[in-house]
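Colleague: Each chain, letter by letter, is given below.
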Amino acid sequence: MIARLAIAYARRRPLSTALVVLLLALGIGVVTLTVLLAQELSDRMTRDAQGIDLVVGAKGSPLQLVLCGVYHVDVPTGNIPLATVAELRANPLIAEALPLALGDSFRGAWIVGSEPELLEHYGGHLAAGALWNAPMEAVLGSAVAEASGLKVGDHFAGSHGLALNGPQHVDHPYLVTGIATPTGTVLDRMVLTSIASVWVIHEDHDEEDAKDTPTEPAHDAGSGVTTKSPATTPSREVTLVLVRYRSPLAAATLPRTINATTDLVAASPALETARLLTVFGVGTDVLRGFAWLLVAASALMLFVALAQALEERRYDLAILRTLGATPLQVAGVLLLESVALSACGALLGIALGHLAAAAIATWLPSAATLAPAARHWLPDEWLILALALGAGILAAWLPAWRAARLDVAATLADN
Amino acid sequence: MFELTGIERRYADDVVVSVPAWRAEAGEQWLLAGASGSGKSTILHILAGLTRPTTGCVIVGDTDLGTLHASALDRWRGRTIGFVPQRLHLVTALDVRDNLRLAQAFADATHDDARIRALLEALQIGDLARRFPRELSHGQAQRVAVARAVVNRPRLLLADEPTASLDDAHAVMALELLRTQAIGVGATLVIASHDARVRAALPRTYPLQVHAAAPEAAT
Numbered sequence: 001m002i003a004r005l006a007i008a009y010a011r012r013r014p015l016s017t018a019l020v021v022l023l024l025a026l027g028i029g030v031v032t033l034t035v036l037l038a039q040e041l042s043d044r045m046t047r048d049a050q051g052i053d054l055v056v057g058a059k060g061s062p063l064q065l066v067l068c069g070v071y072h073v074d075v076p077t078g079n080i081p082l083a084t085v086a087e088l089r090a091n092p093l094i095a096e097a098l099p100l101a102l103g104d105s106f107r108g109a110w111i112v113g114s115e116p117e118l119l120e121h122y123g124g125h126l127a128a129g130a131l132w133n134a135p136m137e138a139v140l141g142s143a144v145a146e147a148s149g150l151k152v153g154d155h156f157a158g159s160h161g162l163a164l165n166g167p168q169h170v171d172h173p174y175l176v177t178g179i180a181t182p183t184g185t186v187l188d189r190m191v192l193t194s195i196a197s198v199w200v201i202h203e204d205h206d207e208e209d210a211k212d213t214p215t216e217p218a219h220d221a222g223s224g225v226t227t228k229s230p231a232t233t234p235s236r237e238v239t240l241v242l243v244r245y246r247s248p249l250a251a252a253t254l255p256r257t258i259n260a261t262t263d264l265v266a267a268s269p270a271l272e273t274a275r276l277l278t279v280f281g282v283g284t285d286v287l288r289g290f291a292w293l294l295v296a297a298s299a300l301m302l303f304v305a306l307a308q309a310l311e312e313r314r315y316d317l318a319i320l321r322t323l324g325a326t327p328l329q330v331a332g333v334l335l336l337e338s339v340a341l342s343a344c345g346a347l348l349g350i351a352l353g354h355l356a357a358a359a360i361a362t363w364l365p366s367a368a369t370l371a372p373a374a375r376h377w378l379p380d381e382w383l384i385l386a387l388a389l390g391a392g393i394l395a396a397w398l399p400a401w402r403a404a405r406l407d408v409a410a411t412l413a414d415n
Numbered sequence: 001m002f003e004l005t006g007i008e009r010r011y012a013d014d015v016v017v018s019v020p021a022w023r024a025e026a027g028e029q030w031l032l033a034g035a036s037g038s039g040k041s042t043i044l045h046i047l048a049g050l051t052r053p054t055t056g057c058v059i060v061g062d063t064d065l066g067t068l069h070a071s072a073l074d075r076w077r078g079r080t081i082g083f084v085p086q087r088l089h090l091v092t093a094l095d096v097r098d099n100l101r102l103a104q105a106f107a108d109a110t111h112d113d114a115r116i117r118a119l120l121e122a123l124q125i126g127d128l129a130r131r132f133p134r135e136l137s138h139g140q141a142q143r144v145a146v147a148r149a150v151v152n153r154p155r156l157l158l159a160d161e162p163t164a165s166l167d168d169a170h171a172v173m174a175l176e177l178l179r180t181q182a183i184g185v186g187a188t189l190v191i192a193s194h195d196a197r198v199r200a201a202l203p204r205t206y207p208l209q210v211h212a213a214a215p216e217a218a219t
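Here the protein sequences come in this chain order: A and B. Under my numbering, the residues of the first sequence are numbered 1 to 415, in order. Under my numbering, the residues of the second sequence are numbered 1 to 219, in order.
Please note that the accuracy of each hint is not assured.
Claimed, not checked - If you only want the chain A side, here are some residues facing chain B, beta carbon under 7 Å, derived:
no., residue
1, M1
2, A8
3, Y9
4, R12
5, Y315
6, L323
7, G324
8, A325
9, T326
10, A409
11, A413
Note that these hints are calculated values from the structure, not bench results. No residue lacks a Cβ here, since even glycine has one placed at the ideal position from N, Cα and C.
Kindly produce the complete structure, drawing on both the sequences and the hints.
Modeller: Below is the structure:
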C-alpha cells in the first residue's frame, strides 16, 4: 500500500515527474553510451591485436608501427629485408612470423602483400572465389567488398600510399579472385594479395619515379616499399612482420634483444595500445563526467520536487500517522517514490544508451561492430543502475527525514 | 474504557491544558466541551497517543500509553483509535477505496475489500468507491472520513469539531453518523466541540477549563 501511495503521488504531478525522469534518463543514457563505446573500442583493439605479440619493422616510432601493422590506420616506418622473416622464423622463441608488404591502398584499405596464413590468423575464410595464386590477384576483406561492390572476376586499381586520392596504378589492375567472410577484425578492411604483387607494382613504379624525379621524400613517406635508391637493384623487402611467441617467456627477452642488437624495431601491440587508450580515456572520462553532472542535476531536481511535495503533503503525512503509520513508514513513502522515479529514469536511460549505440552502428559503417555490444548488458550497467538508485535515495534523504520528524499534533491543529 | 489522571500539557509560551481526572466506560459517548483555545484538540491528540502529556497518566483500554515506545504507540494507534480530523483530510492522491485500504494497511489489518464494500454501502456511498476526494461533496467526504476511522473497528472513536461550518440539518446528520457508527463497531465515542448543537445530542459532557492567555491557535 505504501508503494501504491508513492506511485499515486508521482502520478499526481505528471509534469515534474516526467521532467525528473527524462533528465535522469538523458544523463544515464550518455553514461551508458560512453561505457558501451569505451568497451567496444577496447574490444575491437583487443580483437585486432589477437595473436600478435610483437610487430617487427624498420626503425621509427613503435606506436606508428603498431598503428600501421595491427590497426592499418598509419603509414609504415620503412622497410626491412626479406631475409629478416627467415631469421625470425628460425628463432625458437617465435611460433609464427607473418610478413606484411604494404605500399598501396584501395579505398583507404591497405593492399596487404602477405601469405595465405594471414587469412587464417584473423579467423577469416573465403566467402566466395579462391585465394590468389599469381601476382596481381587479390582477395577482398568483407567491408572492402561491400563498400566497393566488387565481385569475383572484377578488376580494380590500387592507389599509392594510404591516402584516398593518391595517384592510381591504372596500368597494374588487380583481379579479384575471392572475398573473405566478415570477422569483425581489421581483416574486413584489407585487400589481401601475394607479396610478389607489391614487388611487381613497385619495381615498375620505382623506374617511373626514377625517370620523373630522382628523389621524392614526401612520396616515400606515404609508402613503405619504395624507399630505395633508384641506382641499386631493388632488393627483396617487406614492410613489417607480425610475430606470435611460442611461450610468454619470450616477452621478457625477445623485444629487448631485437631492439638492442638489430636495426629493427620490435613493438608490443598490448603496450602501445594501452598507452593509446590512456589518451582516449581522457576524452571519454570528460564526457562521462558531464553525463554524471546531468545525473546529479536530476537528483537535485528530484530533491526540490520532493521537498516541495513534502510541504503540500504535510496533512496527508499527519493523517497517515493518525492511521497508525510509524515515522519510518511515512519516510518510506517519500523514499520509495524517489527510488521508483530514479529506477524509471535509469532503466529508460540505459535503454536510450543502447538504442543510441544501435543507431550509431547502423548509420556509421565504421562502427558496425558496435551492433552486438548494443544488444548486450554489460556488468558496468549494474553499477550505473545502483548509482542512479543511490542518487534517488540521496535526493529523498532530507525530505524523508523531515517527514519522519513531522509534528503530527501541530500539523493537524494548524488549520 | 479510558482514564486520564492529572494530565497537564505545557507549551513553551506557558499555555497549559489540564485534565485532572476523566474516566469513561466502554461504549459511552462523550462531548469534550470547551471554548476555542481551551485545548480540546490537544486532549484528543493525547487520547490518540499523538501527543504525550507533560505530566499525568493516560490509560486507554488496558494500555498505559506512557509505557509504549514511539513505534509501538503508532501500531497501537492504528489498531485502537479511529480519528476524524476537523478538516477530514482524505489523501487526495488516492480514491475512496484506497483511502480505506490505507487505514487497513497501517493498522496491520489484512486487506478486507468485503469489509470496505459493506461499510461504504452502509454509509450509502457504495457507488463512490472509485471516486477521488476532490470529486466528493463535503457531506460525502465526511462519510468517507468516518468510514476510514471505523474501518478497523476501533475501540475509541475520536472526532474533532465535526459540525463546524455545517448548517443545522447537516450537523444533525454528521452527529447521527458518528453515533451510529460508534455503536456499530462497539467503540467509545469522544467528540470535541464548542457547538451547542452537539451538547444537545450527547448524553455526557466533560467541560474543559479555559486557561487565561490561551491564544486562538491552540484549538
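Colleague: Run the structure past the numbered hints and jot down the numbers of the failing ones, going up.
Modeller: none
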